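Could you build the full structure based on these sequences and the hints that come with them?
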Amino acid sequence: MQIWNIASLTIHEGVRRNIVRLAIGMGILFLIVFGTGVHYIFLQFEDASFISSNEMEIASIALTIVGLYVINFLLILVSVLISVASISSEIDTHVIDTIVTKPISRWEIVLGKWLGFAIMITIYATFMAGGLIMISAFRTGYRLETIVPGVALMALNGILVMTISIAGGTRLSTLANGVVAFMLYGIAFIGTWVENIGSVFENEAAVNIGILSSLIVPAEAVWRKASISFEPRILGNPQFAGPITVFSEPSDLMMWYAVIYVVALLGWSLWSFSQRDL
Amino acid sequence: MTAIETKQLRKEYGTKTAVDDLTLEVEPGEVFGFLGPNGAGKTTSIKMLLNLVTPTSGNGRLLGQPLGDNEIRGKIGYLPEHFRFHTWLKAWEFLDFHGKMFRMEKSQRQDVIPKLLDLVGLKESTYAKLGTFSKGMTQRIGLAQALMNDPKLVFLDEPTSGLDPLGRKLVRDIIDGLRNEGTAVFLNSHLLSEIEQTCDRVAFIRSGVVLETNSMATLNQERLRVVLRVAKPSAELANDLASLGDYISADVDAPFNCETGQIIFHVDCEENIGSVARHLVENGHSIYELKPQRITLEERFLDVIQGEEE
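Protein sequences appear in the order of chains A and B. Sequential numbering of the first sequence, starting at 366, is according to this note's numbering. Sequential numbering of the second sequence, starting at -16, is according to this note's numbering.
Just so you know, nobody snuck in bad clues.
Partial list, computed: chain B residues near chain A (C-beta under 10 Å): (1) V36; (2) N53; (3) R56; (4) K58; (5) Y61; (6) F68; (7) E76; (8) G125; (9) Q128.
Hints listed in this document are in silico derivations from the structure and should not be mistaken for laboratory results. Small disclaimer: the values here were computed from a predicted structure and weren't measured. Cβ coordinates follow ideal geometry from the N, Cα and C atoms, glycine included.
Rendered as structure tokens:
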């Protein structure tokens, strides 16, 4: 019950401080820009007799996957930004002092905050990815292979980086925590590109660097799995997704690793906050 | 069952010792003042008692339970010194949230919140956001959250900072009310006059060590200083005074000031002043002035703290 009280306070804060409203508003703007662009591209396609249905399908897949890729990226940014100050700033300003001295365990406070953010991220991922998929399907007629597993993996991605930022917040200042969270994501990001390009040239060292970076932060591996889940044909096929084409599909084991990563890091956060002096 | 009981609580941060030896007891219904200069370890002491920081060694109990016990926190209220609250919450929402943290039922919260807002003078600001509150109003709402659970023990760390005289009187009245209900209050304040007016007992702390604990009644008894001014200060007068050993305590501050004709001495109780006057007049000394003076808590504080430094 105390966990839910903290979770609902976290969500309430998101609503009251306009974070949710702005995120939804900007998200709608994003979807409008995407929808308008897709509309005019397909308007031209429909008028042109030389565009085959196959080429139109390729364009549909490319636009949808790139759109989802950008949403995944934005989701990661938003997930870090909304949670990065949550614990550290409450420690700095002593807001936390009157809460931890109530009959509530410290781990319940961290878990409650995590739960509140996880709910918001999941809803936002569903809203953004769902909105884009619907717009794409409505205007292009293109249907993704599957939707739910991919959206769930995108939500997992947001939750994963949010968990990193929550964990950092139990020990680091807000700014230091933000730097660490973004840089860790940067490592995962560049590692994935190195792995992707390495796999094209069958360079084992580059592939291993990518695997190692995915072990440090499995965020990009989760996205690659999500994108293949949306459209299996993009695997190793640059004509569908251009530069974000996935050349090596992460294993199911890597997805389990990502889940265990979140659980373990969350467990460490609960322990870390319980141990520290305030 | 004591409200607070600590034995040799100690807190070290690396090589620095913030609190060396915190040993004290506070009884239920007692208002206990905690005095010390800046950096004496007052706030760290409170934080150890409330499990905000973990003691390096030593132990303690709050309301009979070991420090850090989760359940007992439901009977404790706390107003921190440096604090901010969720500025986006309205006063009602803020108290409602803290009521939930105290695991109070909804009906109970709805009953208590208007009463507390009224008590701290914020009834008109029930639906105002905390972000719009002045420092004094924030202090008042902080006090209200500390009282949400009808606590048996309240920690107030500088509760009157930021308050105007009316606000300070309000805090005093609230503390008096808590005492009458049998609630123990642990009060940390720089305003010694506030402590003097409110506390039953005080402890003086310096460098993380409790130097002295005394009841205000005892301090008041000890603190009667008498200024005597006579026409002709003389050795004979000094001898006469010395012969009154039963009435005059030994710690005469300034035996004689020949220029002003003043002698300052201490008596154990007010009744003894009459005896001293009678004795001096009967022995032919002309008394121009015989004035009892209460030593303020501030003077006592400086005596204790500076005395230890020397």
